[in-house]
Every structure is written in structure tokens, then in C-alpha cells.
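Protein chains: 2
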Amino acid sequence: MSDATQYEKTPRSTVNRLKQRAVYDQETIRSIIDTSPILHVSFLPVHPSDDPFPTILPMLGCFGAYTAPNAELQSAPAIYLHGHSASRFFKLPGNTSSWAAEEGLPGLPVCVAATHIDGLVLALTPFNHSSNYRSAVVHGYAQLVTDAAEKDYALTLITDNIVPERWANSRVPPTEAEMKTTSVIRVDVVSASAKVRAYTAGNDKADLEDESVVGKVWTGVVPMWTQYGEPVPAVENRVSRVPEHVARVIEERNAEGEQWAKDIATRKAPKKT
Amino acid sequence: MSDATQYEKTPRSTVNRLKQRAVYDQETIRSIIDTSPILHVSFLPVHPSDDPFPTILPMLGCFGAYTAPNAELQSAPAIYLHGHSASRFFKLPGNTSSWAAEEGLPGLPVCVAATHIDGLVLALTPFNHSSNYRSAVVHGYAQLVTDAAEKDYALTLITDNIVPERWANSRVPPTEAEMKTTSVIRVDVVSASAKVRAYTAGNDKADLEDESVVGKVWTGVVPMWTQYGEPVPAVENRVSRVPEHVARVIEERNAEGEQWAKDIATRKAPKKT
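Just so you know, the sequences run in chain order R and P. Counted the way the numbering used here counts, the first sequence spans residues 3 to 275. Counted the way the numbering used here counts, the second sequence spans residues 3 to 275.
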């Protein structure tokens, strides 16, 4: 990966179908990953000759770039994931007898995906039905983060990515036991791509000219977004007012999600290619 | 898979971490998959010795059980996925020179995952932060559906799973060209499991007894759900009133999503194990 703002097109990342929806710029890919409330991470737990099934785990994480104080070069953006040290996924990259290590690979090959659904696209015919969405797929090698400073950086990053300023507004630093039972994995990006559909329903000329079709079938978009509701305090909560950093994330994400979903619902569909 | 209502626990499906969140009953798994606006499907495009990276594609689909009219036994529930016939994924299972066919596997090994995020769980310490979620992971062999009646069944099923009654309320039947460019894949289930977290924040005794922590840190849940907005008609739309089947799905899904996310936010956290 270079420091350019575009990811390279590789056979693995190149979008073949509906090329007009494909994007490779780092900013779009990063924004889709970082704003997703969940990431889906795929990997092979054992060598495919022992079990040919990849598996998927839902995980929390986001993009970050940690550069050690004495490093000569700035690090490229990578995806940081965190989880329990005892879980299968977090034990794999540091395991020298894992299938990936035995194959001499520079880490565990993983795929990280995030998808936002921004609307139901209802066309005249089922065939033209679709969704408005923003989807990112990233391939990379997973590495266990062993450097204490990088691990601190990643844990703060992931927590604040979910709710900005949350780390500083909770009980920190973590205890030694908490740090020991939490692991961080860094996925060094090998290839990445995104697909975005963001416009009104696309219908065929033949259907639009057929009175019996347009006179009967409703066509358009039902906008969709992730809604954050009123915070519900725990029974043990003793802070009476919902803190500013929590109120703000709810307000901002709701406004952004709703605005985007509604805006794109009226955008013109591109000519079919 | 038997016709029992529980999926068998296998090494592949057995949840090791946080066992109290694990469920294996078919009804829960099916409901998580069927109510998800998007499925994430993982597979190996080529033999892992040529490229060790699994990939993930976001896809539409749901559970169904098609039994041919002359069949002696009822079919087990499988996941049906649809997509463009020219896309890489839909060309793989019917390809006799694919790596899976060459290995003699009974189909392309895939993993299908769906995750609903039902809330942000804000604890006193970052370590106890979590999400409320319902997540299902299904492993199975993907087969290209070649039987015309089963394909019809699956396309109607997938369309009506997104918006009930939509198939009958749009221009059907599909044209020959539409049927030709649409492919259906059936994933015959080999193993499946789900994980559900549905309760308030869990905090450690030491933090709850520390005045400087409980006096400062807000703890509780921010409920989250998928919100469906007002339908936005396409410029070409000629049906003035939003049809009943569209209005109903919006109303029902919003009510269900909001109700669940809020209900579970007040549920007691189980004792830590």
C-alpha cells in the first residue's frame, strides 16, 4: 500500500459487477468502516484442508495509524479490532503453530466487511428492486498487538470511535487484569474496495411505458438508518444528567443517518450500463 | 441436520466465549437471519493455496424450505440467496472446475452471518463496555438452484421477506431475460449458532463501590434499532397513495425494533461467570 489516497485495484479487490458503484478511495472506505456499529470479520480457523469453511465473527473496531515515537516512517492506516484474549480469533495471530504461521504467511489472512443499509429501493418489477447501501470490504493480515503503547492507543481509539470522548469520561486507566484479558489485533491492509448505491429506484423503459404497470405499482425508496434512542440509565447509575458526550453522539448520528438516507432517495438513477 | 428444533453443537459452531449468550435453536437463528436487512456471506473464491484470503459479500436472502411436489421427504430449512448470474459468487457453485468441485466437496463452503445491533452498552469502565446484539452464524454448502420451480419459490420468498406481499404487488412474472440474469443459491446448513446480549450494563463490584467512579461516570444503555422513514416516491411514480403493504412493513418494523431495544435496556445483567 502506498501513501496515496486510493487503494490499488487488485484481482482480489476489483469490483466486477456494477462497476459504476465501485470506489477505491481510502476516505470512503475508512468512513464506511469507522461509522459502522459492527464489523464482520472472516477468517479460516484451521487449515482449509482440515475444514474448508471460513467463519465470520461480528466485532468492534475501526481504522487507526499508530506510529511508534522512534519510528522513521509513518504507519499506513490499519484496522484495529479488540476482544477477549481467550477467544479463538484473538489467540490465532500470535500462535506460532497456527496454519498461517506454518505456511509462512506474514499474519492471519482476514477479510473485514462493513455495510450500511440506507434504504429499500422498490421498483416496478422485483428484478429492479435493490437497497441503497454503503459497503466496504478490506483484506489484510491480522497481527497480535504486543507493544503496550500501541495497545493503549488502539483501545482508546476503538472506545472513542463508538462514543467520542468516552474513554476519558469513564474509569481509566484499565486495571492490569483488564489489560491482560483484552487483546488487540491490527489488520495491515493488503487490498480494499467499497460499493455505494445512493439513488432513487431505477426502472426499465418498457415498464414505465406500460400503463397497467405504472398505474398499479408504487415505486420509490423507503429511507433507512440506524436510530439511537433515549439513553436508559442502569439501576446503579448515580449520574442524574445524561453527559454531553453521550447526548451529542445520539443527536449527531441520528441527524447524519436520517439526512443521508433521505437525500439520496431523491437522487437520479444513473443510466443502466 | 435432523428435523429437531435445535442445531447440533459441532466444534465449528460451538461458542466458547461467554457461553451464557449462546443459542442453538433454529427459531432464534432463523429469526435473526430473516429480519436482517443484509447478510454477510464469506467464501474462498479460489483454492486457499493460490490465495489464502476469504472474502465477504453483502447479500440479500433468507431461510426457506422448498419441497418438490414429488419428493418423499420434506426439505430442511436452507438459506436462499439471490444475485446477478454474472457475479463471481453466483458462478462458483455451478462451476465444475471450481476449487471446491475439484476437491470433491458437495458444494462451495460458505459462512452466512447476520448481526442486529440493539444498543450501546456504556459501563463504568471501558473494559465492561459492550453492545446489545443478536448475531447468527451459519455454515453450509452453497448449491446453484437449477430447478425452475424452486427458483421461482426462492425469488418470491426473498422479495416478500424484505417487504411482505411485494412480489404480488409488482410487475410479475419476471421476463425471460430477468430470470436468466438472476441466479439463486441455496445454502444447505451444516452447522449454525447464535449469540444474543440483551440486558443493561454489567459493572464490577469494585467500580460500583468506588464513589469517585459512580459519582462521575454515567452508566446505562443507548437503545438502537433500524429506522424506516417516510417513503419517497420516484419521479416516475404514478400511484399517489403509499400502498398498504409498504406502510405496514414500515410501521411494524419500527415498532418491533424500538420496543425490543428499549425493553432489553432495563433487563438485569446476569452474574458474571
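Treat the hints with care, since some could be wrong.
Which copy is meant is left open, so a pair is good if it fits within one copy or across any two.
Said to hold, decoys possible - Simulated pairs of lysine-lysine, DSS-like, Cα-Cα distance not exceeding 27 Å:
1. Lys207 - Lys182
2. Lys264 - Lys93
3. Lys182 - Lys264
4. Lys207 - Lys270
5. Lys93 - Lys270
6. Lys273 - Lys182
The set of hints was computed from the structure by calculation and includes no laboratory data.
Hint by hint, here is what the structure shows:
1. Lys207 - Lys182: So Lys207 and Lys182 pass the 27 Å test across copies only (19 Å; inside, 62 Å).
2. Lys264 - Lys93: neither (43 Å within a copy, 35 Å between copies)
3. Lys182 - Lys264: For Lys182 and Lys264, the Cα distance exceeds 27 Å both inside one copy (45 Å) and across copies (33 Å).
4. Lys207 - Lys270: within (15 Å within a copy, 56 Å between copies)
5. Lys93 - Lys270: Answer is neither: 48 Å inside a copy and 31 Å across each miss the 27 Å cutoff.
6. Lys273 - Lys182: between (55 Å within a copy, 21 Å between copies)
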